[in-house]
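Q: The residues making up each chain are set out below.
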Amino acid sequence: MLGMLSVPRARWSMWALAGAAIVGFAGAASARDLVVALKTEPTSMDPQYHVLTPNVQLSQTLFDPLVCSDADLVSKPCLAQSWTASGKTWTFKLRPNVKFSDGSPFTSADVVFTFDRVGKVPNTPSSYKVYLQNVEKVEAVDPLTVRITTSEPYPLLPVNMVGLSIMSAKAASGPAPEGKTTTELNSGNGLVGTGPYKFVSWKRGTELVFERNPYYWGPAPAWDKVIYRPISNPAARVAALLAGDVDLIEDPPTDDLERLQKDPKLTVVAKASNRVIYVALDQHGEQTPGIQGTNGKNPLLDKRVREALSLAIDRNALVARTMGGVATPAAQLLPYPMFGTSKNLVTAAKADPERARALLKEAGYPNGFSIVLGTPNGRYINDVKVAQTIAAMWTRVGVKTTIDANAPAVFFKNRDSYMYSAYLAGWGTVTGEMSNTLLSLLVTPNKEKGQGTTNRARYSNPAMDKLVLDSGTMMDDAQRAAALAKASEIAMADFAMLPIHFEHSVWAMKKGIHFEGRADQQTMVQYATPSK
Amino acid sequence: MLAYIIRRILQALLVMAVMSGLVFVGLYVVGDPVAMMASAEATDLERDAIRASFGLDKPLWQQYAIFMSHALRLDFGKSFLTGQSAMGLILERMPATLELACVSLLLAIVVGVPLGIWAGLKPQALSTRGIMTGSILGFSLPNFWVGLMLIMVFAVYLGWLPAGGRGATRMIGPLDLSVLTLDGWSRLLLPACTIALAKAALIIRITRAATREALPMDYIKFARAKGLAWSRILRVHLLKNIMIPIVTVCGLELGQVVAFAVVTETIFAWPGMGKLLLDSIITLDRPVVVAYLILIVFFLVMLNLAVDILYTVLDPRVRLQGAKA
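First to last, the protein sequences are chains A and B.
Just so you know, we're using our numbering here: the first sequence kicks off at 1 and counts up by one.
Just so you know, we're using our numbering here: the second sequence kicks off at 1 and counts up by one.
I should point out that these hints are in silico values taken from the structure, not numbers from a laboratory.
Model, not experiment: these values are computed from the prediction.
Mixed in with the good hints, there may be bad ones.
Using C-beta positions, here's what the derived DEER-type ranges look like [stated by the list, open to error]: (1) B/Ser69 <-> A/Gly87: 21 to 31 angstroms; (2) A/Pro96 <-> B/Ser53: 20 to 30 angstroms; (3) B/Arg319 <-> A/Ile403: 38 to 48 angstroms; (4) A/Thr529 <-> B/Leu45: 39 to 49 angstroms; (5) A/Gly119 <-> B/Val153: 31 to 41 angstroms.
Derived pair list, reagent style DSBU-like, types lysine-lysine, alpha-carbon separation capped at 30 angstroms [to be verified]: (6) B/Lys122 <-> A/Lys129; (7) B/Lys221 <-> A/Lys413; (8) A/Lys271 <-> A/Lys350; (9) A/Lys39 <-> A/Lys88; (10) B/Lys78 <-> A/Lys39; (11) A/Lys343 <-> A/Lys466; (12) A/Lys39 <-> A/Lys271; (13) A/Lys271 <-> A/Lys297; (14) A/Lys385 <-> A/Lys447; (15) A/Lys413 <-> B/Lys122; (16) A/Lys350 <-> A/Lys449; (17) A/Lys486 <-> A/Lys88; (18) A/Lys88 <-> A/Lys449; (19) A/Lys129 <-> B/Lys226; (20) B/Lys226 <-> A/Lys449; (21) A/Lys343 <-> A/Lys120; (22) A/Lys39 <-> A/Lys361; (23) A/Lys350 <-> A/Lys303; (24) A/Lys170 <-> A/Lys76; (25) A/Lys120 <-> B/Lys78; (26) B/Lys221 <-> A/Lys203; (27) A/Lys511 <-> A/Lys129; (28) A/Lys271 <-> A/Lys466; (29) B/Lys226 <-> B/Lys122; (30) B/Lys78 <-> A/Lys170; (31) A/Lys88 <-> A/Lys466; (32) A/Lys385 <-> A/Lys361; (33) B/Lys122 <-> B/Lys58; (34) B/Lys58 <-> A/Lys447; (35) A/Lys76 <-> A/Lys99; (36) A/Lys303 <-> A/Lys99; (37) B/Lys58 <-> A/Lys120; (38) A/Lys76 <-> A/Lys297.
Where is the CB? At the ideal position from N, CA and C, for every residue including glycine.
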């Protein structure tokens, strides 16, 4: 049965492509409704139950956080109008005259309630706690002031609160410890926020309906109603758009993009995202599982070999051919000018197979070696095709590469039990700043301290570790950004892992809709408006 | 008869127990549900906490024992991913799948049986060749291709029907049905045709074979010799006798469609159980997968039982006996 899971996306999309050739339009939703096809249905409406993109993008439409991030992930005031920090204490001034969708006023009590609820939701598969580890105390000073105390100076607090939807203390209280339970919130009971739209109904698998929140504090929302339909199959999403059933779709397959762009009735929006696709190279010790022809040595411990593997990859060609142009070649793990990125690592180095061969020879591998490159199948855009392209490029310089592609569940299990010498994976930096990326991917793994949790290559460089860890308590933004940029430069100079490209998120929609894509790949209907 | 039914149900229970064990081991081998659920930033300690809260830190046999002790009380656990009752999630989606399966099978029978009889009666006619060639196409074209082609022609190009989703529904008792509304039918038609195409092809071939086998039989010859009208021979003598293979096939196929309409449901964004199963396997949401397969095993066994009982109605020579079954 698992064989079914690995049906390549491309095969489905081929037919939609053929369909695009005979386009005709039919039917139209009424002028002021927006029908959106989602690729993944949310698992829950409870904003604190499962923190992942399909859920967060919807809860951020029903609710507002204290601090928002704009389309390029720069923080901006939302329910908090301003904030100041001194040492371990943060003071947030709340926006006055904000009402919830039930008409009740928003005050500091709601903020306290929300923070309090985070730890109490039972059995959450992914809790918001991860982002609020250093928060010790949240107090209401007066109805429009909140004071947050952290265990140590914690400059990341505003950035880390971006996904935290402020719930209504009045509506979401209840007899259970967490107030309204996840099941109650899924049915709309207690699902009251200050966001631009409010909840109407949810029929799992069929449709989710929101309507305009009449009390919204910002500019009046553009749509009377927003209807979300989950259509997981990419070809079916494209067909639904072409047939006029839906107005806006997420993530059309790359093979169809050219056709969609040429279609006079459609608009395609692409936005560079914060998700980097990288290749990790095992640097743990001489024992490594997927390498042969090196007399039992691990060639990846040699920086020259890692550099050779990086130089072998023609990122520009890969992006143009394999990714259909909807990606940006990467020179570090987060695109410049996001926070903490290095301005010296803006364009990816040019491929240089000659130099790569010379480096391999210098390192003592004139005839190369053979290596297995692990990759998930269906987790990232064109993941297997990207891995195949890299394998071909490595083989060209003498490193005979075979691909081991697996369904994501199997891939992550293998990766987490260190079964790959080299693997392709991706990282989306939700907070849009470098410390999140480096702390998870490249800082020396430390289970107790929760550092280097996804550093499965087990790269370790004390100088870089120190810069990243010290930056965690630097309250001065400029100083912190400089430390992180330096850390990024060190890691890239070490070829600690090979950044390949930044995925672009793509949306396709009917002409007549203006939509601003977001770098965090979230589909937020408040950024869609009818164009005049 | 009663003993026979009880035996069948006991068999079903045994199959369910074995199957749930296999699924437990299978999903355990595939991967770690926590890796699929937890946010990428979660630390190992947080992952361990999640694992413990779902009981995934216990040895597999203990997890299975806990599951079985709950299952005996008809509690199949909560979905890891949504926190909802696993069986509840499935039952919520069952009407959509049942509806699709029944409508497509009916469509297949209505088209397949008359064409099959025609092909059996006139084996040499040009029309028969057309029907038989069509039926080869019918079951050799892949399901997803047929589905996408129908979408392209009827939804995208002609714009007569919507491309997917399920239409407005009306509650009949506990069942939430869309066959009662016009919008419902407009969305049901394309997926139903997609499934019906292959099933109709199968039914045509079976009916034709059965017809050709029955025609030279003495009772048909005798009926003709008696001077009975063709229509009566067809209706009473022929149809009744060819029903047994057709009923068998329809029973099996209905089970197939209900359990594994995954591809069609995915292409048409039909909110059925198959799509739920596929999503749950991908995310390793074990409670849903186990509950689903248990339900399907039960359903298939009951379906076979119903087919067996139908035999006795169709053919008085068939007797179901506990001892011989």
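Q: Hey, lysine 385 of chain A versus lysine 447 of chain A, does the alpha-carbon distance stay inside 30 angstroms?
A: Violated, at about 33 angstroms.
Q: Mind checking the alpha carbons of lysine 303 of chain A and lysine 99 of chain A for me, to see if they're no more than 30 angstroms apart?
A: 57 angstroms, violated
Q: Could you see if the CB distance from arginine 319 of chain B to isoleucine 403 of chain A stays within 38 to 48 angstroms?
A: Since arginine 319 of chain B and isoleucine 403 of chain A have Cβ atoms about 59 angstroms apart, the given range 38 to 48 angstroms is violated.
Q: Please verify whether lysine 88 of chain A and lysine 466 of chain A have alpha carbons no more than 30 angstroms apart.
A: 21 angstroms, holds
Q: If you draw a straight line from the CA of lysine 271 of chain A to the CA of lysine 350 of chain A, is it 30 angstroms or shorter?
A: 24 angstroms, holds
Q: Straight-line Cα separation of lysine 226 of chain B and lysine 122 of chain B no greater than 30 angstroms?
A: Cα-Cα ~22 angstroms, so holds.
Q: Are the Cα positions of lysine 511 of chain A and lysine 129 of chain A separated by 30 angstroms at most?
A: Violated - the C-alpha atoms of lysine 129 of chain A and lysine 511 of chain A are around 41 angstroms apart, more than 30 angstroms.
Q: If I claimed the Cβ atoms of proline 96 of chain A and serine 53 of chain B lie 20 to 30 angstroms apart, would that claim hold in this structure?
A: 40 angstroms, violated
Q: Taking only the CA atoms, is the gap from lysine 122 of chain B to lysine 129 of chain A under or equal to 30 angstroms?
A: 73 angstroms, violated
Q: Does lysine 221 of chain B pair with lysine 413 of chain A here, judged by a C-alpha cut-off of 30 angstroms?
A: 68 angstroms, violated
Q: Given the hinted pair lysine 39 of chain A and lysine 88 of chain A, is their Cα-Cα distance within 30 angstroms?
A: 41 angstroms, violated
Q: Run the distance test for lysine 413 of chain A versus lysine 122 of chain B: straight-line Cα separation, threshold 30 angstroms.
A: Violated, at roughly 60 angstroms.
The structure does not agree with the numbered hints 1, 2, 3, 5, 6, 7, 9, 13, 14, 15, 16, 19, 20, 21, 22, 26, 27, 28, 33, 36, 38 stated previously, though it agrees with the rest.
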